[in-house]
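J.: So the sequence lines, in the order shown, correspond to chains A and B. FYI, in my numbering the residues of the first sequence are 1 to 578. FYI, in my numbering the residues of the second sequence are 579 to 661.
If you are wondering where the hints come from, they were derived from the structure by calculation, not from laboratory data. Every residue gets a Cβ at the ideal spot worked out from N, C-alpha and C, and that includes glycine. The reader is advised that the hints may include incorrect statements.
[As the list claims (entries may be wrong)] Example chain B residues on the side facing chain A (calculated, C-beta under 10 Å, incomplete):
1. I583
2. G594
3. K595
4. F606
5. G613
6. R617
7. D618
8. S622
9. F634
10. V644
11. V645
[Stated by the list, open to error] Partial pick of chain A residues on the chain B-facing surface, computed with a CB cut under 8 Å:
12. A42
13. S254
14. Y320
15. F491
16. D565
These are the residues of each chain, in order.
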Amino acid sequence: MRSVLRVRMGALAVAKEELAEACRLLGGRALTSALVAAEVPATCHPLSAENRLVIAPGLLSGTAAPCSGRISIGAKSPLTGTIKESNAGGTAAQAMGRLGLAAIVVEGKPKSEAPHLLFINKDGGRLSEAPELKGLGNYDTVKALHERFGEKVACITIGPAGEMRLAVASVAITDVDGRPTRHCGRGGLGAVMGSKGLKAIVLDTAGLPRAASANPEAFAAAAKRFAKHLATHPVTGQTLPMYGTNALANVINSAGAYPTRNFSAGTFEGVDAISGETERETILARNGNPRHPCHPGCTIGCSSIYPDKEGNFLSKGPEYETVWAHGANCGIADLDAIAHMDRADDDIGLDTIEMGATIAVAMEGGLLPFGDAAGALRLLEEVRSGTPLGRILGSGAAVTGKCFGVSRIPCVKGQAMPAYDPRAAKGIGVTYATSTMGADHTAGYAIAQNVLGVGGSVNPLKPDGQAGLSAALQQATAAIDSTGLCLFIAFCVLDVPDAGQAVVDMLNAHCGTAWTPDDYVGILGKATLRAERDFNRRAGFTAAADRLPDFMKSEALPPHNTVFDVSDSDLDGVHAGL
Amino acid sequence: MAEPITVQVTLRSILGKYRPDPRDRAPFARELPAGSTVRDLLASLGVPEALAKLVFVNHVRSDPAVVLPDGAQVDVFPPIAGG
Numbered sequence: 001m002r003s004v005l006r007v008r009m010g011a012l013a014v015a016k017e018e019l020a021e022a023c024r025l026l027g028g029r030a031l032t033s034a035l036v037a038a039e040v041p042a043t044c045h046p047l048s049a050e051n052r053l054v055i056a057p058g059l060l061s062g063t064a065a066p067c068s069g070r071i072s073i074g075a076k077s078p079l080t081g082t083i084k085e086s087n088a089g090g091t092a093a094q095a096m097g098r099l100g101l102a103a104i105v106v107e108g109k110p111k112s113e114a115p116h117l118l119f120i121n122k123d124g125g126r127l128s129e130a131p132e133l134k135g136l137g138n139y140d141t142v143k144a145l146h147e148r149f150g151e152k153v154a155c156i157t158i159g160p161a162g163e164m165r166l167a168v169a170s171v172a173i174t175d176v177d178g179r180p181t182r183h184c185g186r187g188g189l190g191a192v193m194g195s196k197g198l199k200a201i202v203l204d205t206a207g208l209p210r211a212a213s214a215n216p217e218a219f220a221a222a223a224k225r226f227a228k229h230l231a232t233h234p235v236t237g238q239t240l241p242m243y244g245t246n247a248l249a250n251v252i253n254s255a256g257a258y259p260t261r262n263f264s265a266g267t268f269e270g271v272d273a274i275s276g277e278t279e280r281e282t283i284l285a286r287n288g289n290p291r292h293p294c295h296p297g298c299t300i301g302c303s304s305i306y307p308d309k310e311g312n313f314l315s316k317g318p319e320y321e322t323v324w325a326h327g328a329n330c331g332i333a334d335l336d337a338i339a340h341m342d343r344a345d346d347d348i349g350l351d352t353i354e355m356g357a358t359i360a361v362a363m364e365g366g367l368l369p370f371g372d373a374a375g376a377l378r379l380l381e382e383v384r385s386g387t388p389l390g391r392i393l394g395s396g397a398a399v400t401g402k403c404f405g406v407s408r409i410p411c412v413k414g415q416a417m418p419a420y421d422p423r424a425a426k427g428i429g430v431t432y433a434t435s436t437m438g439a440d441h442t443a444g445y446a447i448a449q450n451v452l453g454v455g456g457s458v459n460p461l462k463p464d465g466q467a468g469l470s471a472a473l474q475q476a477t478a479a480i481d482s483t484g485l486c487l488f489i490a491f492c493v494l495d496v497p498d499a500g501q502a503v504v505d506m507l508n509a510h511c512g513t514a515w516t517p518d519d520y521v522g523i524l525g526k527a528t529l530r531a532e533r534d535f536n537r538r539a540g541f542t543a544a545a546d547r548l549p550d551f552m553k554s555e556a557l558p559p560h561n562t563v564f565d566v567s568d569s570d571l572d573g574v575h576a577g578l
Numbered sequence: 579m580a581e582p583i584t585v586q587v588t589l590r591s592i593l594g595k596y597r598p599d600p601r602d603r604a605p606f607a608r609e610l611p612a613g614s615t616v617r618d619l620l621a622s623l624g625v626p627e628a629l630a631k632l633v634f635v636n637h638v639r640s641d642p643a644v645v646l647p648d649g650a651q652v653d654v655f656p657p658i659a660g661g
């Protein structure tokens, strides 16, 4: 029976309670959203004591299922004001799974100003003050935690951005090498953690076995079948492991949907210098590792280790979104500079997508020229220092745009768009507009069908079929987000029906359920979206918020010279099937 | 007899081995008879059609049957994805 760890910062009390019956079959995003929707007053200020930070591994996290180490963190977002779920890999989900924890719920605020540390092992959890960690970057924080608790612990930490309660602040999770390189980036959840005076959570699983399944033999058979499908699909078995997520740079650029210089064009002349191919060549030339799993048991291994010119560790290989945000979107064609910015973002604890979008808006506002890599890195250090300019930038693209008088603001519900321009990839535009999360690409990744030819084909340049595509993907994705499985399994599952069946078989064998695929999407996917939509409605959001910024309906994007023309009634119909 | 056409071609990631110089990722020119299709181009390069999952002709994803215009930019990718 899984437990919930209740952490009351006011009383500095930690108590374990049994997971409520209504939540027994929920995990990951399904659980974080259910708890936030039930326990957080929808109109509260996200940095107030009334908000809750909910951390939940997926249903399969802690088992031997391949690619099952994803964690969800949820709260009311300081960036968007909506409900938020942010997802990352790393080691914490599996640690929580082994500890038998369905969720950690952090509530209230402490009386003292000092940062606090939560240590959890098989005996329970205890809170303590940790003044020695105050103001430290994530790298130094994790180093101190390893010195105190050993190298094998999993760490969930915030950097200075979270301590300053900035809306771009991320929550860092340690990777397989114990580095804080995996981030729950979107939506400022690091600020919520900081507002509760919590600097670090340490998970010690010494002596604990994997999470037990209801039917171990059936589970093992389904996991083996699933692993085989992942290994034999050309994306999950070959190109994604070889080239990582940034393989997409040339693809999206070729498609004319690669947002360049604050979403003013769909191709970047410098794309080759920052492409996945260049990244792989650089890593190999410097004896880095081009295939590095972000969590144990991942068979895809799309991440990498990126050394500096001297061959020393600099950062994990910057991901597609990070390279785009700090690269093409800022007019920067220098992969080393981008890797330095990635390292800074990870250390300060910042969402790389929002930060890159913010710097680009600042460039458009005249703070520094497009292409100024050194200037961009200096701005990140301003955020770290908490100067007034740093606090403006650390509050995101929409706030920065207001402060610098910029009208081209690529945000929905206050969150910046990721690395696909919706005027040339209209399916993802529907997702950006209608997702409960604000402008979010993973919530309903229509790029698969619009550009990649995975799971079918829908012309990206026409409005037809985009709403139905996004709707189906949003439901299926909310379900995957609840399992602990990495979303990249979808590239295989969308093409191979038996791979999707294997996911349901693993869940049934582990949880003791008898779900059909429709049950699985219904219980973990649709119900989650219903809870999220209801929270947002209670928080004051109406259909008017489910729109792209006006400039995208009138400003044609080269090279296709298209605008976003999916109708408002199509957008309003996306969630009709919930 | 129509003039031959010339297209600018890039072969990406694991398709690099089919480039004239596998180590040179820059676009290379290819001359073809007028009316040639994507399929004809791939055949002339020795690229198996099953491997050429994504073909963009002037930024538009195109099926093998699409006729190539003169001067087209053609980008060819294997099955590939990312984030």
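J.: For the hint on B:G594, just tell me whether its beta-carbon gets within less than 10 Å of chain A.
T.: Cβ of B:G594 sits 8 Å from chain A, so the hint holds.
J.: Holds or violated: is the Cβ of B:V644 closer than 10 Å to a Cβ in chain A?
T.: violated (13 Å)
J.: Hey, does the B:F606 contact hint survive, CB to chain A under 10 Å?
T.: The hint is violated - B:F606 has no Cβ within 10 Å of chain A, the shortest such distance being about 14 Å.
J.: Checking hints one by one. Is B:I583 an interface residue toward chain A, by the C-beta closer than 10 Å rule?
T.: Check failed: Cβ of B:I583 comes no nearer than 20 Å to chain A, outside 10 Å.
J.: With 8 Å as the cut and Cβ atoms as the points, is A:S254 at the interface with chain B?
T.: The hint holds - A:S254 has a Cβ within 8 Å of chain B, the shortest such distance being about 4 Å.
J.: Would the hint on A:A42 be counted as holding, given a Cβ-Cβ threshold of 8 Å to chain B?
T.: Not OK, violated: A:A42 not within 8 Å of chain B, min 30 Å.
J.: Given B:F634 as an interface hint, is the shortest Cβ-Cβ distance to chain A below 10 Å?
T.: holds (4 Å)
J.: Was the hint right that A:D565 lines chain B, CB cutoff 8 Å?
T.: Where the cut-off is 8 Å and the nearest Cβ of chain B is about 17 Å from A:D565, the hint is violated.
J.: Going by Cβ atoms only, is B:R617 closer than 10 Å to chain A?
T.: Cβ of B:R617 sits 16 Å from chain A, so the hint is violated.
J.: Answer holds if the nearest beta-carbon of chain A is closer than 10 Å to that of B:S622; otherwise answer violated.
T.: violated (20 Å)
J.: Does the CB of A:Y320 sit less than 8 Å away from some CB of chain B?
T.: Given a least distance of 5 Å, the restraint on A:Y320 holds.
J.: Given B:V645 as an interface hint, is its Cβ closer than 10 Å to any Cβ of chain A?
T.: violated (18 Å)
Hint compliance for this structure: hints 1, 3, 4, 5, 6, 7, 8, 10, 11, 12, 16 are not met, and every other hint is.
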